[in-house]
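S.K.: Sequence:
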Amino acid sequence: MDIGDVPLLGHKVHPHCNRLNNVGIELRDLQKTYGHHKVVKNLNLKLYRNEITVLLGHNGAGKSTTLNMLTGIIPPTAGTALINGKDICTEVEAARRSLGICPQHDVLFADMTVRHHIVFFSRLKGVRGEDVEKEVQKYMQIMELEHKSKVTAKNLSGGMKRKLCLCCALCGNTRAVLCDEPSSGIDAAGRRRLWDLLLTEKIGRTVLLTTHYMDEANVLGDRIAILSNGELQCYGTPFDLKKRYGLGYRLVCVTEDGCDVDALTELMAKHIPNIQPESTVASEVIYRLPSEYTSKYAALLNDLDRESQELKLDGYGISVATIEDVFVKMNLTKNTLMNSLNVKKEDQRQFRNLSIFDLKLPDRNLWSRFIMHCQALIYKNVWITLRNYWILIAQILIPIVFTSLIILNSRGGRIYYELPEILISPMQYRQSFAVVEDRTSNSSLADAYASYVESFGNRFALINTDMPFEDFILETAKGRRQTSKRIEGGAGSRSSDPHDKDGIRAEIQRIQNFTDEELNQMPLVVDSISKRYGKFIAVNNLSFFVNHGECFGLLGINGAGKTTTFKMLTGDSKITSGSAYVVGLNLKTQMRKVFPKIGYCPQFNALFEELTGRETLRIFCLLRCIQRHRIKRICNDLANFFGFQPHVDKRVKHYSGGNKRKLSVAIAFIGNPMVLYLDEPTCGMDPSAQRQLWQILATIRSYGKSSVLTTHSMEECEALCTRIAIMISGQLKCIGSIQQIKNNYSKGLILKIRLEIAYKKFERSVVKDKKRRPNKELSNEDIETISTDTKRVRKMKDFIAEKVPDAVLREEVNDLLTYLLPTESVAWSEIFQLMESNRERLHIEDYVITQTRLEEIFLNFVWDDMNQSLTDRN
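Reading the sequence shown from the start, the letters are residues 1 to 874 in the UniProt record's numbering.
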């Protein structure tokens with residue numbers, strides 16, 4: 001299939017770009033087949049130098065497989081690809097010489113420092129002498145890793161590890177760079193720095209990047225390709241795709257409690273006939289506005305402003321079609337997205353009949369719980385052993401074979417001499433050994449055996465405990481490493497800032513005024529908890545409470561203390577000071593009673609890869625002490641409710657990333673817990689799968705379930721959370737509802753304008769690139785184009801300065817201008833009409849007008865904290 005035959009094609013290139021942007025990577029009929037299943041189907045694609053091409057697709061679309069074929073990790077079934085003119089099938093070594101890779105999962109040397117990593121990979125790619133030190137300083141400074149230069153990789157946070165992986169891919173002047181979800185797990189502030197790095201470093205390189213963040217694709221992507229089920233669905237510039245396949249404009253209305261959506265829709269219909277809500281998620285109602293009614297938008301917005309109080313609207317935002325809209329539309333055609341995100345009444349009635357919502361755990365005595373826990377663990381180990389039968393066979397056959405050889409060798413043969421009888425005592429040899437160091441990575445087992453042997457007196461001595469116990473300890477150690485032990489424990493198995501004084505003070509005051517009766521009814525109360533590691537304070541006097549039916553969002557950058565807070569609330573780490581309560585039970589003294597009342601979904605999947613989804617659910621049902629006759633129905637209901645029923649009997653290792661996250665959330669929900677702890681539940685999921693899980697979580701909240709959510713997606717937080725708290729350096733900076741925080745910290749409207757630019761600030765990149773390519777000459781035509789682009793940007797800035805004098809230019813990234821418009825100086829309808837009427841004259845590719853987003857407020861707190869830390873350090 002040739003690219004020209006691809007539907008929804010947007011392969012339009014500026015005439016000046018064809019000559020300069022030579023092909024860096026070319027895919028020719030690339031295919032990959034596993035058995036009878038085609039993962040990648042006849043992929044044809046040209047990626048150009050000096051550009052970032054973003055590859056989008058749902059989980060399992062074939063993105064990672066495509067990257068693995070380009071790197072040579074797996075061979076293609078058919079077809080080939082050229083990297084800088086070198087064939088990946090016949091010239092593998094030559095193709096790899098100029099290739100940098102940032103894989104989806106961190107591939108680092110645990111005991112090497114940040115500095116040593118960059119030195120190692122730079123030298124590996126041929127950099128020598130003083131240039132190595134320049135590479136080290138350059139990337140550590142850009143990614144703000146100077147203070148971590150001597151820290152080993154194993155001691156870095158998840159976000160820091162992703163930054164280091166990207167630095168290793170870029171260093172050494174690599175001409176082709178493959179980045180598989182480089183920003184996964186990085187906070188909003190870190191993503192911005194990563195974007196700056198990629199935009200700066202793309203000159204002279206061909207960059208192929210996959211991501212699940214649509215805003216990232218919009219900012220970074222010079223071209224965007226969308227895969228679905230291994231096939232290329234569309235390819236082109238963001239503007240081409242949105243213009244041809246966008247769905248008009250998107251109006252998001254944020255509602256208050258008691259908002260009449262029917263009345264809101266009726267008001268809309270006066271201006272746009274037959275309009276209906278596209279989706280309703282939590283407090284957001286989303287409408288799609290057709291492009292043919294653009295002339296009526298200003299009147300519609302005026303009516304919304306006038307009737308907002310009567311309709312109980314907290315606010316609204318309007319934007320043109322986004323890459324996310326195109327992505328979702330492409331996946332809708334492939335039936336990978338739910339029909340809608342509306343939590344309809346008939347759906348609620350159907351969900352209410354599910355066994356998981358009316359489940360009450362029976363009161364069982366200690367012996368009964370012990371029996372069920374043993375049964376669950378036996379099931380787990382038996383199933384895993386049977387799936388890894390080769391280990392069992394090896395353990396049986398190898399001793400038999402060697403024992404047989406010894407027996408056969410000991411029989412027959414002539415004895416040429418006899419040794420005299422001598423006294424042999426093991427103690428004689430014992431005296432010849434000296435213990436230099438007694439060391440083991442997991443001392444609990446060694447201590448237990450040592451104590452057991454000592455109980456026999458001096459008749460026995462434990463000399464070596466290598467092989468006899470390694471199979472016994474295999475799953476235990478693996479479970480600890482995967483965090484599954486923490487979930488099993490949760491299932492019942494033993495094993496003040498000046499920014500927002502009033503909000504935080506009010507929260508603390510309310511907690512202190514709780515009566516015993518209120519405390520016993522409140523799902524979660526956190527009262528001034530702290531966590532210290534030596535002199536380092538990870539969490540400092542954290543206080544908040546979560547009410548029934550509330551989703552509480554905990555936001556913060558990597559290292560802010562969110563995961564440490566979760567560890568304390570789940571019993572995985574002790575609380576240094578303060579107290580926390582779940583329905584009146586103290587976590588410090590009554591953790592065993594707390595476990596049945598909480599559910600936990602960790603940041604990284606803690607699943608048993610060799611088990612099926614059904615077997616996994618069954619094990620955790622037994623750990624929750626659910627009646628055996630109800631387990632089958634509960635497993636089916638959970639699989640149906642969370643949307644992985646078609647895969648429930650497959651092994652977990654064959655699940656996509658999205659289905660693994662759904663299974664993890666389903667495990668947290670087993671036993672109908674009072675409080676759910678969700679640590680980045682949608683991390684690594686594509687937008688379609690994210691929205692499916694959002695619907696599920698919104699439905700759970702509608703049944704009175706309480707949850708604590710951490711996420712790096714501000715959109716997710718706004719869609720799901722009823723209240724949020726922003727956490728910086730272990731402390732709360734503000735707390736309240738999303739609209740309260742927006743009202744308190746919003747300084748106006750945000751206007752983002754993307755211009756039609758040929759080179760996207762090419763003159764700035766050329767200046768930075770002079771040393772790398774000193775002989776590069778620009779033609780008169782190039783200079784004229786650069787001059788035209790510069791004039792367009794200047795013209796746009798002058799226009800905004802004239803029409804909205806109070807506007808502040810907050811950010812300029814290539815062709816994207818971000819303005820802050822004070823609310824008192826301009827209305828929504830006025831700025832919208834201003835943009836529409838001057839769109840062609842000012843060469844506006846697209847624009848977005850929104851209230852100050854939660855992400856902007858969050859980043860302001862982060863920047864303020866960084867500036868304060870820098871001031872204190874100086």
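Because the hints were derived from the structure by calculation, they are not lab data. Among the clues, some could well be false.
What the hints assert, rightly or not - In silico BS3-like cross-links for lysine-lysine, where the CA-CA straight-line distance does not exceed 27 Å: (1) K148 to K138; (2) K742 to K154; (3) K148 to K86; (4) K742 to K752; (5) K567 to K535; (6) K752 to K803; (7) K742 to K161; (8) K138 to K125; (9) K742 to K653; (10) K296 to K791; (11) K154 to K125; (12) K154 to K138; (13) K296 to K270.
Stated by the list, open to error - The following label-pair restraints were derived from C-beta to C-beta distances: (14) P399 to F370: 30 to 40 Å; (15) D106 to Y293: 44 to 54 Å; (16) L809 to A78: 20 to 30 Å; (17) I537 to V107: 46 to 56 Å; (18) Q521 to R633: 26 to 36 Å; (19) N636 to A78: 50 to 60 Å; (20) Q521 to K803: 16 to 26 Å; (21) L809 to T788: 40 to 50 Å; (22) L108 to Q137: 48 to 58 Å; (23) R244 to N867: 24 to 34 Å; (24) N867 to E836: 15 to 25 Å; (25) E812 to N867: 53 to 63 Å.
For clarity, every value in this text was computed on a predicted model and none was experimentally measured. Ideal Cβ positions, reconstructed from N, Cα and C, are used throughout, including at glycine.
S.K.: Each hint should be assessed against the structure and marked as holding or not.
M.R.: We went through each hint and held it up to the structure:
no.: 1; hint: K148 to K138; result: 14 Å, holds
no.: 2; hint: K742 to K154; result: 38 Å, violated
no.: 3; hint: K148 to K86; result: 37 Å, violated
no.: 4; hint: K742 to K752; result: 18 Å, holds
no.: 5; hint: K567 to K535; result: 19 Å, holds
no.: 6; hint: K752 to K803; result: 16 Å, holds
no.: 7; hint: K742 to K161; result: 32 Å, violated
no.: 8; hint: K138 to K125; result: 16 Å, holds
no.: 9; hint: K742 to K653; result: 42 Å, violated
no.: 10; hint: K296 to K791; result: 32 Å, violated
no.: 11; hint: K154 to K125; result: 24 Å, holds
no.: 12; hint: K154 to K138; result: 23 Å, holds
no.: 13; hint: K296 to K270; result: 10 Å, holds
no.: 14; hint: P399 to F370: 30 to 40 Å; result: 34 Å, holds
no.: 15; hint: D106 to Y293: 44 to 54 Å; result: 49 Å, holds
no.: 16; hint: L809 to A78: 20 to 30 Å; result: 51 Å, violated
no.: 17; hint: I537 to V107: 46 to 56 Å; result: 32 Å, violated
no.: 18; hint: Q521 to R633: 26 to 36 Å; result: 30 Å, holds
no.: 19; hint: N636 to A78: 50 to 60 Å; result: 40 Å, violated
no.: 20; hint: Q521 to K803: 16 to 26 Å; result: 55 Å, violated
no.: 21; hint: L809 to T788: 40 to 50 Å; result: 21 Å, violated
no.: 22; hint: L108 to Q137: 48 to 58 Å; result: 20 Å, violated
no.: 23; hint: R244 to N867: 24 to 34 Å; result: 44 Å, violated
no.: 24; hint: N867 to E836: 15 to 25 Å; result: 38 Å, violated
no.: 25; hint: E812 to N867: 53 to 63 Å; result: 20 Å, violated
The structure shown violates the earlier hints numbered 2, 3, 7, 9, 10, 16, 17, 19, 20, 21, 22, 23, 24, 25.
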